[in-house]
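**Q** Read off the chains here:
Protein chains: 2
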Amino acid sequence: MEDFASFIDSIRLNVNKYLKKISIPDTPRYLYDPIRYSIRNGGKRFRPILTHLSGRANNIDSDALMNLSIAVELLHNFTLVHDDIMDNDTIRHGKQTIHEKWDSSTAILAGDGIYTIAQIILNEISSNSVLLSKYFNKTTLEICEGQALDKEFENDHDIDRKMYFDMINKKTGSLLGASAALPIIYNDGSEEQVYIYEQFGRNLGMGFQIHDDLLEITADTETMGKSLGSDIYEGKQTIMVILARESYPDQWRDLLNLSENNELIKNIYNFFEEKNIIQETRSISDAYFKASLNFLKKLDGINTEELVQLVHLIEKRTF
Amino acid sequence: MEDFASFIDSIRLNVNKYLKKISIPDTPRYLYDPIRYSIRNGGKRFRPILTHLSGRANNIDSDALMNLSIAVELLHNFTLVHDDIMDNDTIRHGKQTIHEKWDSSTAILAGDGIYTIAQIILNEISSNSVLLSKYFNKTTLEICEGQALDKEFENDHDIDRKMYFDMINKKTGSLLGASAALPIIYNDGSEEQVYIYEQFGRNLGMGFQIHDDLLEITADTETMGKSLGSDIYEGKQTIMVILARESYPDQWRDLLNLSENNELIKNIYNFFEEKNIIQETRSISDAYFKASLNFLKKLDGINTEELVQLVHLIEKRTF
Chain G
7 MEDFASFIDS IRLNVNKYLK KISIPDTPRY LYDPIRYSIR NGGKRFRPIL
57 THLSGRANNI DSDALMNLSI AVELLHNFTL VHDDIMDNDT IRHGKQTIHE
107 KWDSSTAILA GDGIYTIAQI ILNEISSNSV LLSKYFNKTT LEICEGQALD
157 KEFENDHDID RKMYFDMINK KTGSLLGASA ALPIIYNDGS EEQVYIYEQF
207 GRNLGMGFQI HDDLLEITAD TETMGKSLGS DIYEGKQTIM VILARESYPD
257 QWRDLLNLSE NNELIKNIYN FFEEKNIIQE TRSISDAYFK ASLNFLKKLD
307 GINTEELVQL VHLIEKRTF
Chain H
7 MEDFASFIDS IRLNVNKYLK KISIPDTPRY LYDPIRYSIR NGGKRFRPIL
57 THLSGRANNI DSDALMNLSI AVELLHNFTL VHDDIMDNDT IRHGKQTIHE
107 KWDSSTAILA GDGIYTIAQI ILNEISSNSV LLSKYFNKTT LEICEGQALD
157 KEFENDHDID RKMYFDMINK KTGSLLGASA ALPIIYNDGS EEQVYIYEQF
207 GRNLGMGFQI HDDLLEITAD TETMGKSLGS DIYEGKQTIM VILARESYPD
257 QWRDLLNLSE NNELIKNIYN FFEEKNIIQE TRSISDAYFK ASLNFLKKLD
307 GINTEELVQL VHLIEKRTF
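Heads up: the protein sequence lines correspond to chains G and H, in order. Residue 166 in our numbering sits at position 160 of the first sequence; the count goes up by one each step and never skips. Residue 282 in our numbering sits at position 276 of the second sequence; the count goes up by one each step and never skips.
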């Protein structure tokens with residue numbers, strides 16, 4: 007496992023190296039300074055890593071694979087830049103978000119530019135370009151739908167877990183699905199193969215997101231970039247909040263209404279612990295990770311070892 | 007000319023009919039309500055009309071042409087939705103802008119969705135799809151650069167006409183260039199042919215934009231959707247402001263500083279008249295219209311009559 011972790015680090019390093027090499031003009035600085043800042047700002051790079059591993063399992067040439075993985079990462083980046091404006095998030099990967107460091111107009115335009123650059127890089131791939139572009143744009147529209155649902159759900163106390171799963175499937179699952187499936191489309195994969203990789207990625211993404219909700223309540227603002235308290239204040243749904251509200255509606259409402267500001271996070275955490283909500287959440291994310299592994303098992307004649315290990319790495323992550 | 011005008015109206019009608027037929031899902035309403043509102047909100051449709059005429063001159067099949075023209079119009083629409091946020095414009099085509107009717111977050115996401123739908127429609131075209139997509143995205147990035155320059159220029163009193171022309175070439179010229187050139191790319195045109203159509207469109211776009219600056223000072227908020235006064239207050243550059251500042255720096259500064267609010271627009275207008283700035287602007291836009299016609303003359307064996315008439319229609323427009 008330690009070897010695998012350093013193997014993943016080496017892919018991340020390569021992705022970062024390539025991101026630095028993208029030729030971004032110097033001017034107009036209003037457009038390109040924030041773009042440069044944003045795409046070199048770090049990040050876990052899980053999506054391009056997933057693309058690399060999916061491509062390696064299918065012996066896809068490394069140039070095309072790098073382009074695919076960069077397009078995926080830039081698509082992710084574009085959605086983060088715009089989501090951060092919409093969600094008033096000021097910190098991302100430990101650094102100021104674009105709209106915080108500059109302003110909203112700058113961030114809107116930078117996001118537009120990043121998405122356009124993603125497509126330009128995708129179009130450099132010479133095989134199956136139209137199929138790739140169609141799939142890429144279908145994914146983007148689904149991510150927009152996910153973000154729309156996320157915004158609709160804010161402060162809506164009728165959201166149940168099914169609606170939440172649908173939202174994160176669109177907002178997070180779709181892009182991890184695409185990260186896994188794009189190399190297969192490039193490789194002339196059958197519809198069924200594309201479907202399997204996509205479902206593998208979607209389930210991994212769902213597990214990843216639910217696990218992320220869980221990590222946020224233990225992480226502080228330094229490591230995660232935002233705090234549980236602020237999310238809950240802004241009415242954001244997380245799976246734990248929904249489980250608490252579904253199972254203990256009165257107690258949960260009282261807890262939110264009666265806690266002192268400085269005690270809120272501690273009280274919420276204790277409530278989740280007492281009511282076994284942390285454990286329940288963990289078992290939901292585990293089920294998604296397991297479902298993702300089950301899709302991999304459907305792939306005959308493919309060495310999925312690295313993809314399996316990636317799932318394990320992600321389900322064990324603590325930051 | 008009257009016949010031609012009603013011919014153009016019939017194309018506009020067709021474009022609007024097709025825009026209404028695009029299948030936009032009902033939900034999530036947060037995403038799709040403002041998208042529907044925006045793309046059915048009217049507009050002059052000059053860009054898709056240009057695409058249709060450029061395609062007709064080359065006998066391009068009408069289905070592909072419609073897709074190209076709709077992709078172009080949606081790209082335009084996307085930039086308007088985001089620009090309106092950045093520029094605090096509250097009225098567009100006589101109706102509230104999205105960020106005004108809903109809010110900025112809604113408008114950011116709607117713009118993203120519209121651009122994505124533009125690409126999905128572009129990808130439906132089966133010939134030369136990659137070339138079309140490359141050109142389309144190159145154009146989008148250039149429009150972003152133009153908007154970036156426009157933002158950089160705000161309140162900068164050192165902007166000269168050369169910088170201004172460069173800005174509007176990117177912000178407006180590039181998309182009219184693309185509107186004219188995309189059918190030629192679809193039609194396997196040579197690099198030289200694509201270049202000629204693009205330059206024809208760019209020059210038409212420059213003339214169009216400069217003429218637009220001119221129309222704004224006579225139009226009121228009902229017909230143009232914004233007023234000269236507010237643009238100048240917000241530090242926006244127009245060619246007339248630049249000509250006034252270049253030729254009469256002291257008098258122009260005094261006029262802005264000493265005018266009463268309710269007299270400003272009238273004083274500016276009188277100043278432009280007295281100093282022949284309106285006439286000078288008109289001759290600059292005329293020169294661009296003429297340059298666009300000269301590019302058409304380079305096209306041997308093509309019946310450019312409709313394109314020529316479109317230029318005349320645009321240079322004579324009064325609204």
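Please keep in mind that the hints were generated in silico from the structure rather than gathered at the bench. Note that the structure is a prediction, hence the values are computed from the model and not measured. Just to be clear, a hint being listed does not mean it is correct.
Note that identical chains are pooled: a pair holds if it fits in a single copy or bridges any two copies.
Unchecked claim - Straight-line alpha carbon distances no greater than 35 Å define the calculated DSBU-like cross-link-like pairs of lysine-lysine that follow:
no.: 1; residue 1: K26; residue 2: K272
no.: 2; residue 1: K272; residue 2: K296
no.: 3; residue 1: K168; residue 2: K27
no.: 4; residue 1: K304; residue 2: K27
**Q** Does each hint fit the structure? Answer for all of them.
**A** Structure-based check of all given hints:
For a Cα distance limit of 35 Å, the shortest separation of K26 from K272 qualifies neither inside one copy, at 41 Å, nor across copies, at 52 Å. In this homomeric assembly, K272 and K296 come within 35 Å of each other (Cα to Cα) only inside a single copy, at 31 Å, whereas the closest approach across copies is 72 Å. Within a single copy, K168 and K27 get their C-alpha atoms only as close as 42 Å, which misses the 35 Å cut-off; across copies the closest is 32 Å, which meets it. In this assembly of identical chains, K304 and K27 lie within 35 Å of each other by CA distance neither inside one copy nor across copies; the values are 37 Å within and 40 Å between.
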